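Colleague: Chain by chain, the residues:
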Amino acid sequence: MKSRFTIPALAAAIVSTTGLLAGPAFAGNANTAPSLTVEVAVSSNASEVIKTLANEAIIGLTDQSLSNDTRRQNFVALMDRYFAMDVISRFVLGRYWRSISEEELNEFADLLQDYLALNYASQFKDFNGEQFVVGDEKQQNKDTFVNSQFVRPDGPPVSIIWRLREFGDDYKIIDVTVEGLSMGITQRDEFTAVIQKNGGKVSALTENLREKVGK
Amino acid sequence: MKLRTLLSLCAGASLSMLTACASTQPAQDMSDYDPIEPVNRVVHGVNGAVDFMVLYPAAMWYRDIAPQPVKTAVRSFVRNIGEPVNALNSLLQGEPDQAADTVQRFIMNTTIGFLGFNDVAADFGIEYHSEDFGQTLGHYGIGGGPYIVLPLLGPSNLRDTTGIAVDYVANPMTWGSRNSDTLDNLYLGSLALTALDARYRTLNQLNELQQTSIDYYAALRSLYRQQRNAAIRNGADPSAPNFEDESASADFDDAFEAAAN
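Protein sequence lines correspond, in order, to chains A and B. Taking the working numbering, the leading residue of the first sequence gets 1, the next gets one more, and so forth. Taking the working numbering, the leading residue of the second sequence gets 216, the next gets one more, and so forth.
Source of the hints: derived by calculation from the structure; they are not laboratory data. Note that the structure is predicted; figures quoted are calculated from it, not measured.
Cβ-Cβ distance ranges computed for the label pairs, FRET-style:
#, chain 1, residue 1, chain 2, residue 2, range
1, B, Pro311, A, Glu56, 41 to 51 angstroms
2, A, Arg81, B, Asp468, 21 to 31 angstroms
3, A, Ser67, B, Glu472, 36 to 46 angstroms
4, B, Asp312, A, Asn55, 36 to 46 angstroms
5, A, Gln73, B, Pro272, 31 to 41 angstroms
6, A, Gln139, B, Asp338, 38 to 48 angstroms
7, A, Asp126, B, Pro272, 19 to 29 angstroms
8, B, Asp468, A, Glu103, 15 to 25 angstroms
9, A, Gln139, B, Glu472, 13 to 23 angstroms
10, B, Val257, A, Glu56, 43 to 53 angstroms
11, A, Lys201, B, Pro272, 36 to 46 angstroms
12, A, Asn68, B, Asn394, 52 to 62 angstroms
13, A, Gln139, B, Ile280, 49 to 59 angstroms
14, B, Asp312, A, Ser67, 50 to 60 angstroms
C-beta: ideal position from N, C-alpha, C; glycine also.
For reference, chain B alone in the conformation it holds in the complex (with noise of 0.2 angstroms):
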């Protein structure tokens, strides 16, 4: 598959230059590092007019026809062909019992879950965490780096497609579905509902940062940043205020003290 040439390559290509930064810290980005902004305007474009044609369509679709159940199910399984992955970056961010919960879940939910499409370990009030390599690499300390807009994938950042990169290696279901028919088209069915079920999930919010915004483009990089931020620092007690970004206090105190002569 060509895709999964060109994820190898991205990985080996940025892992390298990633390595370089690392810092003991939960990795905080402040601003938007955009280099590429050109090429990642293009790209964006591009997705939208994707987005617009095939996924927005499903999405809609989705929505109308399909009943309630039926989504609960199909997102309980999208989640639960991910758990593997979210163990083995749960154990690498030395949070060995919540990879135990994951791993708990996905023996549960795959056996008498049937496949995952039910959610039974949540019953029980094993909780559901999702954790990536990106998260795994910011955990100890690598910051973004330049912002990029994947093609098809979307908003990403250099270590963030590293993750992906890595993440899609790592994980069984991509070794296993070399050598079973059955379990390459369960893969790429997964993948397929993922993209939906996401999509359905950002049918709101997306069209309403589309009609509201100025800059579509800016905005969703900004939000990019700052909901991957939230999800490395997940470790933290959620009631406590966020990790404060240096740059906005900052630019409040600035402004405060203007505003208040």
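Bound conformation, chain A alone (with noise of 0.2 angstroms):
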């Protein structure tokens, strides 16, 4: 098919041949198969990370008996764990991380996460079948790269590829690409257009991001 002509339906095909929105979606998926998480290749620091952070997110988020209240707990403290929040909360920031005060970006955080959580914590409800195959990993620069399969029943499999940056002694996650989008540049990029908006003023996203979550 012929890319472009796909597309009437808006900017259908786009996202479609990827998974963007998927996202977080896998991230819910990966973890989420009741089934297993394969072990491929060899195991060191980072890959280890993600293999435990889908682990625990299939305990903590697969389960459907759990409360969205809970489950959305449950991937907040998920990401206090693995992910990078305050490295995380600057980049979405652009450039404007800048001009707020600590105390404004220490607020920011915390709606991101709820922001996050109310998003994608919810399509860890309903998967099975599905299977979480971490594969290898590459240093680039000051990253680790970790290279990871969702395999579905249905349909090809989905590359997620993970970002780490070592943390004091820790690794954690500083972004996940989806078949080639980039969660963190997409959300930098629809949040600075958010603020450019609003004369620069970051204060109307977090206003927007409040709105959103219902604090």
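Build the complex: two chains, separate frames, hints provided.
Modeller: In structure tokens:
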């Protein structure tokens, strides 16, 4: 099929070919598979982190009896443990993080977590038959990229690449790329557009986020 | 057809602007350049309305009514119609093996695959590749240029809009359909099916994006850019880390240092 003609539905095709939104979705999927986490490559620090995360997500998020609130709380807890949320928060604010106080930044980080949990935690609810396969890892400059695949029973596997950086003694996740689409970059591009539209005021964005998460 | 005239016009106008900025590396667009954003947002809004009234309900109906084998056949058919263009662009990108595969797929699927409704070539392990002229331009180092939201067609940029026009002109169906009513109907039908299939496959994702995003337009723009970048570098080892977005790297370093202190 010839790509652009396929898009008549607005962005449709674009998004379609990839799994884009799926980003977090996978994260979801990945872990959800009540089935198992298959280990493919050498175990080393960074990929070990991803495997542990996957296992904890299966335990904490996929149980169907969980209430939405609990699932969201568990999601936030996982982010706290495995993601460098302070780095991510600054990153998604683009250059605007410098214009706000530490306090506002912390407030934003909390809102961001709630927002992500709201958007993605529920996606862990209904998965089965999927497998999350952790592959090799590659070092590139300061970061370690861990390849993984989310294997679905119907349809081609989805490639997920985790970007981690050493933070103190730990590896922490700073970005997730799904089929070539980076969650961090997408969020940054969207958030900075909102800030820009509002005369460079980060508070406009936090206001929007607060509304979304109902706080 | 008005659309045809419009596309040829776009092609002429934009090709000349594009060739000015070619380099030898595959083009990676790092940020959203959107000088006509107000216009784009209006077109985006109109597209959304048309989608809501026409394509979205059609896609919902298709999802609920059509059995899976029908959907698979439709998907395979619309892909097959585009194979000559895929082959041509593979060739232009210096991928003769991939072009040969695509030609082989086209011949097998069009004949024993009943006009492409059966992807028999896939059963023989011949892989599908989607290449368009926008990707070919990107392959030779031409950046995306300004972001453009096309009426009905949606997100694009100057480079990819040019690509659409060139692919349109290069497509044998375009010329064949001028001389044959049967081909013309087949072509128009395939375009409609392509739209339906594309919309059906994005139902969940777009719904979700619309619900979760704060600025749907900006999110879509970012995703379009990233998705095209990913399509252009398709030759790369799929397991390799993605081509670095340099601006992102700098932002990460910046954020990281601040957080570490």
